[in-house]
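**Q** Note that our numbering has the sequence shown beginning at 5, numbered continuously upward.
Derived from the structure by calculation, the hints contain no laboratory data. Wrong hints could be hidden among the right ones.
As the list claims (entries may be wrong) - Each computed DSBU-like pair below joins lysine-lysine, with the alpha-carbon atoms no more than 30 Å apart:
#, residue 1, residue 2
1, LYS202, LYS114
2, LYS104, LYS54
3, LYS157, LYS115
4, LYS133, LYS202
5, LYS47, LYS104
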Amino acid sequence: MSADWADLHIHCFETTTSTSLVARTQVDDGEFPCLIVANGQTKGRGRRGKRFYSPHGIGLYFSLAFPWDRDGSEALVTTMAAVAVCRVLEETFGIVAEIKWVNDIFIDGKKIGGILTEAISMSYASKAKAIILGIGLNLVRPGDGYPVELRDKVGALSDFLDRPSENADGIAFVEDDQGILVINRNVLVAMIVNELSKIIRALPNREYLDEYRGRCFILGRQVVIDDGRTVVPTGVSDDGALIYLDENGRECELISGEISLVSY
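Put together the whole structure using the sequences plus the hints.
**A** Written out as structure tokens, the structure reads:
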């Protein structure tokens, strides 16, 4: 792990309710900063209280809680995490990862991961703020397939990998109980956390946002925003907001919210 979080409290579970909920409890108890990792969640949480599909055995789910006293919204932290994840996937597995503003990770048109960032006040330290950053990645397909509502939208990292020797060095894979090579969850978590640490250490430099913009595949394409309007995103601001042109050609910013592509 990065020296920035050398005193990180790490807890690993086969299955838990929600890594973000466990992390919040740890923060309230003063065990902080902390990293909560699980192979499955029974109450995985997405943005706006939506359920995040995260059954045991098919993915990697973790939440990192750390102090935050810098300028920048939760959306900005999400952009940092998205770039960190994409860099690790690309450098480790040789695949091109893209971003759907603000928090979804895509490969070849399929969502393979999501990010949830929350800012909370620490009860034992007035005015202090903590960030709980949750990341979920689909590693393999469920044996019985995805739920119907997700089937055409999501994918798994393994869908885009050939033989391990062609996609990554040995540290990215480990043998399971049957001697089959599988993605090494522990290494993947460590690499993402370390990459995120590098981006945070470089602040207030926000050059990483150029990479975020380059990976954000919705720019220049029609999307539908929360109020039902169809707009065309043209960029991402230095604060992580989505810049778009409205129906009258005026430039506007969307600080938070959900968007959907008109067509893939």
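**Q** Next, verify each hint and record whether it holds.
**A** Outcome of the hint check:
no. : hint             : in the structure
1   : LYS202 to LYS114 : holds, 27 Å
2   : LYS104 to LYS54  : holds, 17 Å
3   : LYS157 to LYS115 : holds, 6 Å
4   : LYS133 to LYS202 : holds, 21 Å
5   : LYS47 to LYS104  : holds, 24 Å
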